[in-house]
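Visitor: What follows is the residue order along each chain.
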Amino acid sequence: MTDLTELGVAQIRDGVAGGDFTAVELAEAFNANVAAAQEALNAFIIATPEKAVEAAAATDAKRARGEALGKMGGVPIGMKDLFATFDVQTTAASHMLEGFKPQYESTVSQKLWDAGAGMLGKLNLDQFAMGSSNETSYFGNVISPWKRSDGGNAALAPGGSSGGSSAALAARLCPAATGTDTGGSIRQPAAFTGTTGIKPTYGRCSRWGVVAFASSLDQAGPMARSVQDCAIMLEAMAGFDAKDSTSLDLPVPNWEAALSGDMKGKKVGIPKEYRVDGLDDDVAKSWDDGIAWLKDAGAEIVEISLPHTKYALPTYYIIAPAEASSNLARYDGVRYGLRDLPDGANLQDMYAATRAAGFGPEVKRRILIGTYVLSAGFYDAYYTQAQKVRALIAQDFAQAFEQCDVILAPTAPSAAFGLGENVDDPLKMYLNDVFAVPASLAGLPAMSVPAGLNREGLPLGLQVIGKAFDEQGVLNAGLALEQRAQFAAKPEKWW
Amino acid sequence: MTESTYRIQGATGDWEVVIGLEVHAQVTSNSKLFSSSATAFGAEPNSQVSLIDAAMPGMLPVPNRECIRQAVRTGMAIEAQINKWSRFDRKNYFYADLPQGYQISQLYHPLVGEGSLTIEADEKAGIPADKVIGIERIHVEQDAGKLMHDQHPTMSYVDLNRSGVALMEIVSRPDMTSPAEAGAYVAKLRQILRYVGSCDGNMDQGSMRCDVNVSVRKPGEPFGTRTETKNVNSVRFVMQTIEHEASRQVDVLESGGKIVQETRLFDPTTGSTRSMRSKEDAHDYRYFPDPDLLPLELDDAFLEECRASLPELPDAKRARYVGELGLSAYNAAVLTADVETFAWFEALLAETASAQDKAPADVAKQAANWLISEFFGALNKLGKSLEDSPISHEQAAELLALVGKGTISGSIAKQVLETMFETGDNAGAIVEREGLKQESDTGAIEAKVDEILAANADKVAQYKDGKVALFGFFVGQTMKAMAGKGNPQVVNEILKAKLG
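In order, the protein sequences belong to chains B and X.
So in UniProt numbering, spot 63 of the first sequence is number 63, and the numbers just go up one at a time.
So in UniProt numbering, spot 146 of the second sequence is number 146, and the numbers just go up one at a time.
Everything labelled a hint here was simulated from the structure, so no lab data went into it.
Bear in mind the structure is a predicted one, so any value in this text is a computation, not a measurement.
C-beta: ideal position from N, C-alpha, C; glycine also.
Treat the hints loosely; a few may be bogus.
[As the list claims (entries may be wrong)] Simulated restraints on C-beta separations:
1) X:W85 <-> B:A32: 52 to 62 Å
2) X:R65 <-> B:L392: 33 to 43 Å
3) X:T225 <-> B:Q385: 24 to 34 Å
4) X:D299 <-> B:D87: 37 to 47 Å
5) X:W85 <-> B:F86: 37 to 47 Å
6) X:R65 <-> B:Q103: 26 to 36 Å
7) B:K264 <-> X:R65: 43 to 53 Å
8) B:Q395 <-> X:E254: 55 to 65 Å
9) B:Q395 <-> X:S47: 41 to 51 Å
10) B:F86 <-> X:A38: 18 to 28 Å
11) B:A32 <-> X:D284: 16 to 26 Å
12) B:D87 <-> X:Q151: 22 to 32 Å
[Unchecked claim] Facing chain B, a subset of chain X residues (Cβ under 10 Å, in silico):
13) A55
14) Y95
15) F288
Put together the whole structure using the sequences plus the hints.
Guide: This is the structure:
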């Protein structure tokens, strides 16, 4: 019998429904992998094996009663620890929220449970989703299961902020996981680990109950090991939510049913501004491979221009920290979470002590940047200007999409880097998101699919960016790439 | 326009006062601006707090349509521009009563733009003529919670019941130049809010509070530096604040000092203001558009519904009472002063007209005069207000009909009203039971008149010699002889005829 933990969402759903195995035995197999890898990979902040088994048993019972199973019936998943889960510790990987047990369930996680999924545990991430390497978590680094093929044993970054999600997927600790993407936090970790993830159009998935980083950018999405699995899971996660004013009031399409890798009649745009000087050779090559594959799938390739691309990163690093500086003001030690109350402290002292102890250096850096760009005298020069540039970036895409249906680009400028390599240089770290951020600023759907391995044997991802609301176009182009890339590599188990 | 002559007399001459008011009015609605929590006053601490109000991680605001509707209706009532596109901004600062660490407000694009209201001339108060006071804007925002410092020796407690309740901030132009004008403005604004039903206007419960901006200048000079006195919670205190603050500023300026732009607090026990924080300590609120909320866009149907739901407003009602009902300006002002009064009057008027089978305009004066001079007086004596009146307007209308039809006289009606208050019985039943029906039979009255004239032959002679003032004496004697029940009109006619 095949190893159950190699199975993806569709296979599990069909296998459980068809009686090939029970949901409980499958959940237990994943629970075992989670437990075995925890010390080495640190992908989870907490494991919840009993939750996984409980949901699986419910699915099995439903099947026994002859009832129809949900879209995610019998599929155990990892839940990024940014989603509030009822009575289960929800930390955003921060000391601030250590021990915090929400008495509510995020809309997205509730929808997944309603669709029959079960929870293997809460996945590690960069603190408050701020980071590109999962090195800012209060609960320690996540170690990528991948190793370079140079014989060295350097610990590699799984990407961030959804680094727990990506590492767990690559290491077969779960068949699917939730991610959130503010400026690449689904796509870049997927690219680093040879996994697949889609950030849908802004507003597709409710933000209610997701710890906020930058409200106008935050968007939840699925991460899995195939395009089809992402489509299934996205259907379960998406949908209008009256509790989120920015939620899209649109029906959720049946993306899985309409999946097709046939690109005949489709135009694929190649943005010339993404072909930056000194682009990594392997990344450039994988991009060329992608172009060839989509051509092979029947697409016409057109060169497009996104002239404001070079301003995207600075724009992002004004808007996201500005929003974060305000969103994180609620962590003040008054009502929940950490309170540091030194002897004789007044209210101001308590704020200072609590926030000094509760936030890590990267979070503090962004709060400071955000506070600065919103402050009197600097607001217009930074924040207002950034909003204008953001509008221009969105306009770039709108004009490009008059000439093409989807855009193909690399997901990240390099493969996974070693832990610690970029921690002393925030700017270098931020550059990881240079290809991911423009689509975030424009609120567009974008996904990363594995394209192959670089010369060091590490995965590289290709990014497909689509028109607003056209997740189908993105998934279909992603499928065309997946069918041709034939990416079957997986990390050799060392943990 | 006739300007106010209010001046502060300083050692160096007269000073003018310039006043602008920011009124925070709590929106009447069942739930908060961005959450479904209740808004009732005086509930147990922290019993009306949702996850959103407590700013739990991942919680998001959703605008409450009713709060927006009330603010739009208020804007329409002051004939203001309604902005079909507005937006919410975050005002960032840390305080323990502010769970989000920011207040959701509207700085850049308020819901309601330029409007105005008119304060009426009041010679006695020093307002020589009607005056239009400009209103710059109304925006909606969240209220904060409340800190309680008296519950524990070393700690403060937080009550979040008020956190997130919807407020309208109504910002006037600096158009007021005397404490009386400012007082009249607040009273008029409160009256309009109560008519519209968008705020209960209860200043003692904090559902309406004023930030008072005051500066002084020599006539003809540009505006001086202003101070802002926060959270003043009665019309009288607003006036006191201005009086105190204006003379304090004059004292400072005349002794060579400078006015510091600062926030001050009013102390009701001393009637004075004191400094709270200066501009240098002012927060940098880092306003920016709230990314959790989309811009607020209002469609025509919504605006039409808001407009259609507006009641007749105070100025229009007062004009109608004078123009259509023929009431005096004074009576019209009294009867339109607040919602309870005009509601009572209009109900009474309808009942009275139908009880006497007349048009409302034909009985309006009777009803108005009786309500103001008899009924309010009687209520006052009992220490009761209209809401807890012992009799209904139907009962009052029956009493007025008895007077109108000549069944009882006005003076008997007073007596009947007293009995109604005591017993709750209907007027007709009391008149019947106590035999108070007026005597209109000319024969019976003539007989009494003849008796009186015969018994007072000397006075009749004096009257005929020209001492016409004695007429009243004869009326009084006749009425007395008839135990007050003679129809005064008939008595007059017969006396006139007999005395020649």
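Visitor: Hint by hint, note whether the structure agrees.
Guide: Checked hints:
Checking the proposed 52 to 62 Å range against W85 of chain X and A32 of chain B shows it holds: the Cβ atoms sit about 57 Å from each other. Checked against the hint of 33 to 43 Å, the pair R65 of chain X and L392 of chain B passes, with Cβ atoms roughly 34 Å apart. Between T225 of chain X and Q385 of chain B the Cβ separation comes to about 33 Å, which falls inside the hinted range of 24 to 34 Å. For the pair D299 of chain X and D87 of chain B, the supplied restraint of 37 to 47 Å holds, since their beta-carbon distance comes to about 42 Å.
At roughly 38 Å, the beta carbons of W85 of chain X and F86 of chain B sit within the given window of 37 to 47 Å. For the pair R65 of chain X and Q103 of chain B, the beta carbons lie near 27 Å from each other, so the given range of 26 to 36 Å is met. Remark: the range hint 43 to 53 Å for K264 of chain B to R65 of chain X is upheld by a beta-carbon distance near 48 Å. At about 60 Å, the beta-carbon gap between Q395 of chain B and E254 of chain X stays in the expected band of 55 to 65 Å.
The supplied range of 41 to 51 Å is met by Q395 of chain B and S47 of chain X, whose beta-carbon atoms lie about 49 Å from each other. Separated by about 24 Å at the C-beta atoms, F86 of chain B and A38 of chain X satisfy the suggested range of 18 to 28 Å. Judged by the Cβ atoms, the range 16 to 26 Å given for A32 of chain B and D284 of chain X is violated: they are separated by roughly 54 Å. A beta carbon spacing of about 30 Å between D87 of chain B and Q151 of chain X agrees with the range 22 to 32 Å that was offered as a hint.
Taking 10 Å as the C-beta cut-off, the interface hint given for A55 of chain X holds, the closest approach to chain B being about 4 Å. A cut of 10 Å between beta carbons decides the hint on Y95 of chain X: the least distance to chain B is about 8 Å, and the hint holds. For F288 of chain X, the shortest C-beta to C-beta distance to chain B is roughly 5 Å, which falls under 10 Å, so the interface hint holds.
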